[in-house]
Amino acid sequence: MSERWSPDEIAARLAADLPGGSIVNLGIGMPTLVAAHLPPDRGIVLHSENGIIGLGPPASAEAVDPDLIDAGKTPVTLVRGAAIVDHATSFALIRGGRLDIAVLGAYQVAESGDLANWRVAGEDLGSVGGAMDIAIGARRLFVMMRYLDKDGRSKLVRTCTYPLTARACVKRVYTDLAVIDIAANGFVVRDRAPGVTREALQDATAARLRFLDQPVGATE
Amino acid sequence: MAEVRASPLSSEKLRETADAAVGDVQSGSTVMVGGFGDAGVPFALIDALVRRGVTDLSIVANNCGTGERGLAALFKHGMVRRVYASFPAQAGNGHFAESFRSGRTELVLIPQGTLAERIRAAGAGLGGILTPTGVDTLVAEGKQVVLVDGRSYLLELPLHADVALVRAHTADTSGNLRYRLSSRNFNPVMAMAARCTIAEVERLVEVGALDPDDVHTPGVFVDRLFVAPAGRRE
Numbered sequence: 001m002s003e004r005w006s007p008d009e010i011a012a013r014l015a016a017d018l019p020g021g022s023i024v025n026l027g028i029g030m031p032t033l034v035a036a037h038l039p040p041d042r043g044i045v046l047h048s049e050n051g052i053i054g055l056g057p058p059a060s061a062e063a064v065d066p067d068l069i070d071a072g073k074t075p076v077t078l079v080r081g082a083a084i085v086d087h088a089t090s091f092a093l094i095r096g097g098r099l100d101i102a103v104l105g106a107y108q109v110a111e112s113g114d115l116a117n118w119r120v121a122g123e124d125l126g127s128v129g130g131a132m133d134i135a136i137g138a139r140r141l142f143v144m145m146r147y148l149d150k151d152g153r154s155k156l157v158r159t160c161t162y163p164l165t166a167r168a169c170v171k172r173v174y175t176d177l178a179v180i181d182i183a184a185n186g187f188v189v190r191d192r193a194p195g196v197t198r199e200a201l202q203d204a205t206a207a208r209l210r211f212l213d214q215p216v217g218a219t220e
Numbered sequence: 001m002a003e004v005r006a007s008p009l010s011s012e013k014l015r016e017t018a019d020a021a022v023g024d025v026q027s028g029s030t031v032m033v034g035g036f037g038d039a040g041v042p043f044a045l046i047d048a049l050v051r052r053g054v055t056d057l058s059i060v061a062n063n064c065g066t067g068e069r070g071l072a073a074l075f076k077h078g079m080v081r082r083v084y085a086s087f088p089a090q091a092g093n094g095h096f097a098e099s100f101r102s103g104r105t106e107l108v109l110i111p112q113g114t115l116a117e118r119i120r121a122a123g124a125g126l127g128g129i130l131t132p133t134g135v136d137t138l139v140a141e142g143k144q145v146v147l148v149d150g151r152s153y154l155l156e157l158p159l160h161a162d163v164a165l166v167r168a169h170t171a172d173t174s175g176n177l178r179y180r181l182s183s184r185n186f187n188p189v190m191a192m193a194a195r196c197t198i199a200e201v202e203r204l205v206e207v208g209a210l211d212p213d214d215v216h217t218p219g220v221f222v223d224r225l226f227v228a229p230a231g232r233r234e
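Residue numbers (this note's numbering), protein chains in the order written: chain A, 1 to 220; chain B, 1 to 234.
Okay, chain A solo, but in the shape it has when bound:
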């Protein structure tokens, strides 16, 4: 593989694709990086599932308030006009269709849009947290992850072998090598990192890829 996009570069690409005025939830881990790249003039409101609508940047050391943390337990601030709700209301917002976009990490994404992101196969413990609610509730679900797992295996798969978070929920995947849509006919590559050829990307992937500039139904 050639050059990779850094986590911050992935975050910046994703942030640029968020529509103005949307309510967005950023999952724990890599998706949190997106917050630093939000265009300030676009009126995007961040939601944190522990009851914050209008999440601000992380708190500076002197501004830490133990009563104000985000879903990743990081001390945070609020933006002007923020609202605090209890857990039932926060998840009503998620399931009830008010969450425009969510960004989650993943262990595996299947070509059907199935997501596995809460427990590795064979592990006895996993933490589902709010992932299952967010996966079925967000109007559009993006995944932000590295293209390959730490053993070099493709995280884009035909069928998930890890325990599922939800079926047919992922719409787009942002990675260090490519940005990929989940379409009715499977994975469609929108964009590739510099120097990443179609062939190299397909070789690294455990499912069939189509490319945006390729006619629907065409084969490699």
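Just so you know, these hints were derived from the structure itself, not from any lab.
Be aware that a few hints might be false.
[As the list claims (entries may be wrong)] Under 7 angstroms between C-beta atoms, here's a sample of chain A residues computed to sit facing chain B: (1) LYS73; (2) ILE84; (3) SER127; (4) VAL128; (5) ARG167.
[What the hints assert, rightly or not] Computed footprint of chain A on chain B; a stretch qualifies when at least three of its residues, placed anywhere within it, have a C-beta under 8 angstroms from a C-beta of chain A: (6) 135 to 146; (7) 187 to 195.
Since this is a predicted model, take the numbers as computed values, not measurements.
Ideal placement from N, C-alpha and C gives every residue a C-beta, glycine not left out.
Assemble chain B onto chain A, guided by the hints.
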């Protein structure tokens, strides 16, 4: 649990010590514990429960604690037979992991939004809720699937408790509670779902000092109060 409840507007709910507040919690009870991470966790009441030394508890809480204090201490001392949680596995939770892996504690993993709604259903007198969360996943095992307008939902049953331990910022002496910032989290739904709700609060004010519009949990849901100004964190 006490059979006689104090009048919703009386000031007889105040206890001088955390030990007195949890003094009749029995072994084998189901205990809800509010909080998310360390925010809104009633640390002083949990400390008292550890001192009381009850066993075979069923705990309902989002997390399973980290470090040595709070929920972690309940696992450390072998007090938990079963835990209902959404986020049990996390860094620093060695006492829960050890209790789980030794077979002492059974884990019932519940998605976070479903956990909140099952608790809310209990407090609201409902027979359960239907949620699309978890359909076709491991958490659907053994649950009834109900089709409504062509969409599949899981029937999730109410989660009741004998005792709820919650933490609020301000209480008046009649038990009206007001939470602060993200310390609210599960506390309001848990306060409604238990037969006996014990609130640890940062500060206490006289009846009438809380604006009725600012009351998040009405005193009718609160049985006992304990003031712990700085008792929340290690």
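Here's how the hints hold up against the structure:
1. Taking 7 angstroms as the C-beta cut-off, the interface hint given for A:LYS73 holds, the closest approach to chain B being about 4 angstroms.
2. Because the smallest distance between the Cβ of A:ILE84 and any Cβ of chain B comes to about 6 angstroms, under 7 angstroms, the interface hint for this residue holds.
3. Interface hint status for A:SER127: upheld, as the beta-carbon distance to the closest one in chain B is roughly 4 angstroms, under 7 angstroms.
4. Look at A:VAL128: its Cβ gets to within about 5 angstroms of chain B, closer than 7 angstroms, so that hint holds up.
5. For A:ARG167, the interface hint holds, since its Cβ comes within 7 angstroms of a Cβ in chain B; the closest pair sits about 5 angstroms apart.
6. Requiring three or more residues with a Cβ within less than 8 angstroms of a Cβ of chain A, the coverage given for the segment 135 to 146 of chain B holds, as 5 such residues are present.
7. For the segment 187 to 195 of chain B, the proposed coverage by chain A is satisfied: 3 residues have a C-beta within less than 8 angstroms of a C-beta in that chain, meeting the threshold of three.
Of the numbered hints given earlier, the model fails none.
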